[in-house]
Amino acid sequence: MNFWSDILWPVLVITAQSVVLLVVLLVLVAYLLYADRKVWAAVQIRRGPNVVGPFGLFQSFADLLKFVLKEPVIPSGASKSLFLLAPLVTCTLALLAWAVVPVADGWVVADINIGILFIFAISSLMVYGIIIGGWASNSKYPFLSALRSAAQMVSYEVSIGFVIITVLLCAGSLNMTEIVRSQETGLADMIGLPFLEILNWYWLPLFPMFVIFFISALAETNRPPFDLVEAESELVAGFMVEYGSTPYMMFMLGEYVAIVTMCALTAILFMGGWLPPLDIPPFNWIPGVIWFTLKTCLVFFFIAMAKAMVPRYRYDQLMRLGWKVFLPISLAMVVIVAGVLQLTGWAGS
Amino acid sequence: MIEAFFFYLFAAITIASAVMVISARNPVHSVLFLILAFVNAAGLFMLAGAEFLALILIVVYVGAVAVLFLFVVMMLDVDFAELRQGFLQYLPVGMLIGVIFLAELLFVVGAWVIAPNVGGATAAPIPDMNEVSNIEAIGRLLYTRYVYFFQAAAMVLLVAMVGAIVLTLRHKANVKRQDINVQVARTRATSMEIKKVESGRGL
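Residue numbers (my numbering), protein chains in the order written: chain U, 1 to 349; chain G, 1 to 203.
Bound conformation, chain G alone (with noise of 0.2 Å):
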């Protein structure tokens, strides 16, 4: 009963501030709102057993990519009204992408109702929930079976993460950096120099 609830309560909220994200007038609100969907979406997780995943989520969406996104939306100037303007033109794309989500996840639920054994022949088995915690056989498989689909996002992204590097990354000639060696590795004979200046001369 408990677990009924808080799944409405949950699930409410996800879609409430969904809707929020796309209705908002204020960028910032709407990141605000996308936030909050995400953090609703892991109680969902949640509440599906998945704490790991439900805390995956809150660390690197939440906690790392809805800030970056934060940041972006807050530095830009945004002219509100014209952002408005477009609203009916893109809304025939937006909603046939809604439509193929849409299509999509009925494929994968009907798929699931009309035969539940077809994902059960491909998928490995699920250990038994007293032996090992839902974390370790998520670990058990992931660095097992699909050790090799794993290596290949990771490199997926290792390329990635080079690529915004490279993108991003400029060398302008004359700019002074600091350089921690060089400063440390002075010494009196290499920064200063003695000399005697006589009286009313000047160097």
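The shape of chain U in the complex, shown without the other chains (with noise of 0.2 Å):
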């Protein structure tokens, strides 16, 4: 066995990859940030942030600072260890699901063929961060802003699991790149406008899913109208009461990875990946990566303009949606899916 050859080169490539991968992603975040109180600030009429660099661009990286060189405050009665491990968990496993995330054809970290159930059991790991970091605070209002956020991300999981099933139900694979490839073909096909590829994809056939997949994306990541688990006006600031500088950072950077991978799956699952909306130049000209980036961003924007524009949600009701509405919905849809695919023989391809 050649050691050069078979361990280090490959251990080598998968680092650079992932290397690169990362400082992309987190200038992507550093900006989506940026991104989302300046359309905060604009459904407000207000500027937000316009004072470091030109139109306040360079906001997120002065805030970095801010908080690596702010001292790291212990709370006395904490569980020190524990305290410190919630973000480390919460950010490394954010970042982790990354490493399947195909973001042009063939440009992914790992390209495993259960690609779609990894980042799905990444995600159902992301509650542990925030447990962890309520319980260690030794602290009244994030003791309970852990248990709400428990409940509340289990809840949800279900019905983005439901949906989930019905697109692998369509596309026959649990590989994110098969997904994609899968909706290189579908209804604009069978209507005979083979260009209009933005019919092919299954937010199309699959609308209600689509829906659904959204307002559960925004509860399973804590975003607005469901951020219960930081509701200012009932929590102080939920879990991370007790948090400052570094490690509040790193909660703070985990949370809005994860909420960027919850757009990047929807673009993955619903919208094409990296597919080009019409077929036709100058847009099959554009490289894949281009479009993906693009998906994503659009994603955010509406998760942005939800947080901007949409009152947060009781908790009973919010229990009552996931429950007692998504619930029977997805698993309705799961179950009207696979017949209509076996019924109608698309399944057998």
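Read the hints as simulated data drawn from the structure, not as lab findings.
The C-beta atom is built at its ideal place from N, Cα and C for all residues, glycine as well.
Just so you know, not all the hints are guaranteed correct.
If you want the ones that stay clear, here's a sample from chain G, every Cβ over 10 Å from chain U, calculated [to be verified]:
1. V21
2. A64
3. V108
Derived coverage of chain G by chain U (criterion: at least 3 residues anywhere in the stretch with Cβ under 8 Å from a Cβ of chain U; other residues may be distant) [claimed, not checked]:
4. 28–37
5. 52–60
Put the complex together from the two separate chains, hints included.
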């Protein structure tokens, strides 16, 4: 066995790929954070961050410096190791999911055959950062918030799981790349307009699932209107009350990366990933990674608008929506989609 | 070589965290070590080529069941000193169960070593890995050959779920609940009454 070509070289390649992906992702997250605040400000007819750099473009980096340079405070009575472990868990898990996300055809760090299940598993682990952080703070508000968030995230995972299953039934694969490729053909070919790629994507045939997935993604990532985890009028700032400086920043970073992951997942499952919306020049000259980024940013824009426009849900309303509305609808859709695929014979391919 | 390295890494962490589950002083730490053991067991599954089982283990046990464990343990007001008192008392029972488990494992492994063909006679043939992926192979087996067992397992889970709901559901008489349909169905006629109030008299 050749040590250089069998072991060292693959490891080096994967490391280099991961580093490039992480750097691009983190810069993107920094600007999405800025975009989030700008959108929010624009809706409220404010200016938003506009001081650091031209149009405030360096605001996120200034915030980063501020967080890093502050002194981390660990409350007395807190479980010290768990207190510091929680933000690490959140941040690491959020970044880990990106290992299987194909940003363009073949541009993926690990093209495993159960990629979507991997992301689902990672997002089901995300609750631990919050639960551990809330408990380790040894304080009432964070603990209440951690309990709330655990129930909320576990509830909405169920409907997300069923939505993913409907897409899988249509795509016939758990591989993320295959899911995108399966959207190359579809409704547009059936009506005889094959250049209208945008009609091929699953958002149209699975429209109810698309809506449910978007709303569940808001709840799963604790975004407004479902940010009951840090409802400031009730819980001060939720599970992060006792956190400051770098640990707080890691929580926030993990949260935003998870949001971007959900946006990317929406783009891959329902909006054709890296595929161009129209299969005619100049649209199909643009490289796939640009389309993927644009779609991810579009979904993020909707999430930012939801934050700006929709008032916060009450907790019992949130639970009702998850268990009594989304769960039956998505369960029924799994049966309906499977039945349609079986009866029409589209599943066979 | 890399596989061997990761096998020993995952195996060592699994065993160490399993030991910590029963020896940690704080029950919350115990549950967290249990979660660590689960995650490393999933890693071992992954190394064995059963990546579907590995991720299902994480989704179901770590993502849902262990969260509920953690929930309960965090809410309990546990007296640590009292908890540790019975340790020696329960030790023989625990060791007995451990020995039984070990014996069972040895029997399984022993049977496999002595007569490698016995297992293969009853099991379904393993399809070629180049033809179908791991998850497809599981699906074909589960939904064809073992479909009745699968349905039976689902029924057991359903009954357990209904049982849990029946045991915990309490309908109190004087609790006001929000009924969205009633709220939405309200009209001006049913909810408002206009009265002429003469000045100086009130209603």
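Hint-by-hint comparison with the structure:
1. Against chain U, the non-interface label of G/V21 holds: every CB pair exceeds 10 Å, the least being about 16 Å.
2. Distance to chain U contradicts G/A64 as a non-interface residue, since its nearest Cβ pair spans about 6 Å, not more than 10 Å.
3. Listed as a non-interface residue, G/V108 keeps its Cβ farther than 10 Å from every Cβ of chain U; the least gap is roughly 27 Å.
4. With 4 residues bearing a CB less than 8 Å from a CB of chain U, the segment 28–37 of chain G meets the requirement of three and the coverage assertion stands.
5. For the segment 52–60 of chain G, the stated coverage by chain U holds: 5 residues have a C-beta nearer than 8 Å to a C-beta of that chain, and at least 3 were required.
When held up to the earlier numbered hints, the structure conflicts with hint 2 and nothing else.
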